[in-house]
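Spelled out from the first residue to the last, the chains are:
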Amino acid sequence: MRIRVNPDKCQGHSRCIGLAPDLFDVDDYGLSSVKVDIVPEHLKQAARLAVDNCPEYAIEIVEE
Amino acid sequence: MTTNPVSEWATDFDVLDPAYVKDPFPIWDQLRSSCPIAHTTRRGRTWLPTRYEDVNSIAHDIAHFSSSDVGVIPFQPPDGEEIDESEDPLEYGLPPISADPPLHTWTRRLILPWFSHRRVSSYIPMTRSICEMLLSRFSSSGHADAAVDYAQQIPVRVIAHILGVPEEMSDTFTGWVRDVLEFAENPEKRSDTNGALVQFFLDQLELRKKEPGDDLISSLLQTEIEGEPVGDGIILGMLVLLLIAGVDTTWSSIGSSLWHLATNPEDRKRLVTEPEIMPLAIEELLRAYSPVTMARVVTEDVKYQGCPMQAGDKVLLSFSAANRDPEAFEEPETVDLGRKHNRHLAFGAGIHRCAGSNLARMELQVAVEEWLKVIPEFRLSNPDEVTWAGGQVRGPRILPVKF
Ligand code: HEM
Ligand code: SF4
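From first to last, the protein sequence lines stand for chains A and B. Per our numbering, residue 1 is the first one in the first sequence, and the count goes up by one each step. Per our numbering, residue 1001 is the first one in the second sequence, and the count goes up by one each step.
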C-alpha cells in the first residue's frame, strides 16, 4: 500500500499524525507528508483511519 | 436587548433565541430537512446553512465569502458614539481571522509555528500542572462548578504562558473575553473592553521592546517581512485575536465534554476503563459539541443553492450544525466515543482552519484525563442549575457537579 498527501488540499488539521504518527510528519506550518514509501502491513488500518478522518480529503491511497 | 421569540426558524431565525442557545439540535434537524439554508433579517440580512456540504463549501469559497466581518453578532457602537476608523488602533482588524489573502496568508504563517504539533507537545507538562493545581482546590470537597472552577480556568492560563503575560491576569482576561464574545449585545461593555484589551497589549509591546523575552510577543516584534518590521498595529490585532480565539472556545469544549460525562455514566466508565480510545473520544466530543459559529460577508450578488444572496449579506457558518448532519455522519445524534469515520469541522475548514487546533485538542485531552484521574465518578448536582452560552461560542457556563 502507498499513500500520499495532496499539498494543495492539506490545511494542517493534524488528524493524520494524531491517528498514525508512524506514517505522517507535519511541519511547523501544518503541512503533512507521508514518511514511508510503502505502508507496512501492521499500519494499513491506521492509514485507512487517517484517510477517513482528514477533513480536507487530502490523503490519497495511491496503491492498495 | 430583548427580541421576540422565534416561531419561524426558516425565515426569521435568531441564534440568540433562548431555545437555540439551550438546545439547537432539533432546530438544525428540522431546518436541514425542510429549508437547509435559513434566513433572517434580525440584525441585518443573514443566512444560516445547516448542511455539512454547504458549510464546508462556503468555508472554502473565499472569493464569494469574505472574512472581513466574522462576528456573529454585529457590533453597534454605543448610542451617540461615532467610530473614527483612522484612530482605531485595530485598523488591521484581527488578522488572520478577520483577513482575506494576502494579509491572511503571511500573518497566519507567523503564528502557526507557535502552535505546531511538535511545539504543542512541549506545553503538555505545563497544562497538566495547571489542571492538577485547579483540581487540588476542590477535589476533597465533594462538589465543584466544573465550568467556573475548572474548564474556564485552564485555557486562559495556558495562553498567558505562551504569550508571556502574567498568569495572575487570568480573571481579568476571562472577563474581557466574555464581554467581547458572550455579551456582544451590550455595546457599552464591548466597547470599554476593547479599549482595555488594546491598552493592555500596547503596554505589553512597549515592555517587550525594552526587555525582549522568550515568548510569542517578543518574537513577533523581532520578525521582519521583506526587510520591514511587522508593524505594531498588525501585531496588536494578532495578540487580541489569540486571547479571544483560544479562551472561550476551549473552555466551552472542556465544559461540554464534562457535561457529557456527568450525564452519561456508561461513557464515563468507558473512558476510565479504555483510556486508549481517548484520542478518538476527544474528536467525537469536539464533533458532537462543536462550540464555534463564524460569519462571512457575501462579496457579490450570488445565487447559492437557490438562495438569492446579496453583496453585504452575512452567512453564519455553524460548524456545529454541519457536524450533526446525517448525510455526513452515521447516527450523528449518538455520541460514540469510538467513532472511526469522523471528518468533523469543529475547527473549521479551508485556509482559516483553526491555527490553535493542536493546542486546543491537547488542552481538552489533558483536562479530561486529569479530571478523571482525580474524580472518576461524578454527576450533575442539579440539572436545572446548568446554564449555556451561545451565539458565536456555545458551551456551559454554570455546571455544578457532585462526587
Ligand atoms: C476547542 C477549541 C477551539 C475551537 C473549537 C476553535 C475553532 C475555530 C474555528 C472554527 C476557526 C475558523 C474560523 C473561520 O473559519 O473563520 C478558528 C480559527 C482560529 N483559531 Fe481556533 N478554536 C479553538 C481553540 C483555539 C486556540 C486554543 C487557539 C490559539 C490560541 C485558537 C486560535 C485560532 C486562530 C488564530 C484562528 C484564525 C485562523 C485563521 O484565520 O487562519 N483557537 N478556530
Ligand atoms: S489530516 Fe489532512 S489536512 Fe490535516 S494535516 Fe493531515 S493531511 Fe493535512
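Bear in mind the hints are in silico, worked out from the structure with no lab data behind them. Don't take each hint at face value.
Cross-link-like lysine-lysine pairs, in silico, PhoX-like; alpha carbons within 25 Å at most [said to hold, decoys possible]:
no., chain 1, residue 1, chain 2, residue 2
1, B, K1269, B, K1189
2, B, K1209, B, K1373
3, A, K44, B, K1340
4, B, K1189, B, K1022
5, B, K1022, B, K1402
6, B, K1373, A, K35
7, B, K1269, B, K1373
8, A, K9, B, K1402
9, A, K9, A, K44
Owing to the predicted nature of the structure, the values given are computational and were not obtained by experimental measurement.
For a C-alpha distance cap of 25 Å, please report whether K1269(B) and K1373(B) respect it.
It holds: about 12 Å lies between the C-alpha atoms, which stays within 25 Å.
### Query
Is the straight-line distance between the alpha-carbon of K1269(B) and that of K1189(B) 25 Å or less?
violated (43 Å)
When you check the alpha-carbon spacing of K1373(B) and K35(A), does it fall within 25 Å?
violated (35 Å)
Practice prompt. Take the C-alpha atoms of K1022(B) and K1402(B), compute the straight-line distance between them, and say whether it is at most 25 Å.
Written response: holds (22 Å)
*asked:* Does K1402(B) sit within 25 Å of K9(A), going by the straight-line distance between their CA atoms?
replied: Given that 25 Å is the threshold and the Cα spacing comes to 46 Å, the pair is violated.
Item to complete: Measure nothing beyond the straight line between the CA atoms of K44(A) and K1340(B); if it is 25 Å or shorter, mark the hint as holding.
Response: holds (14 Å)
| said: Need the status of pair K1189(B), K1022(B): alpha-carbon distance at most 25 Å? | reply: Status holds; Cα separation ~24 Å.
- prompt: Holds or violated: K1209(B) with K1373(B), Cα cutoff 25 Å?
  reply: violated (43 Å)
K9(A) and K44(A) were given as a pair; does the straight-line alpha-carbon distance stay at or below 25 Å?
holds (22 Å)
Checked against the numbered hints given earlier, this structure breaks hints 1, 2, 6 and 8; the rest are met.
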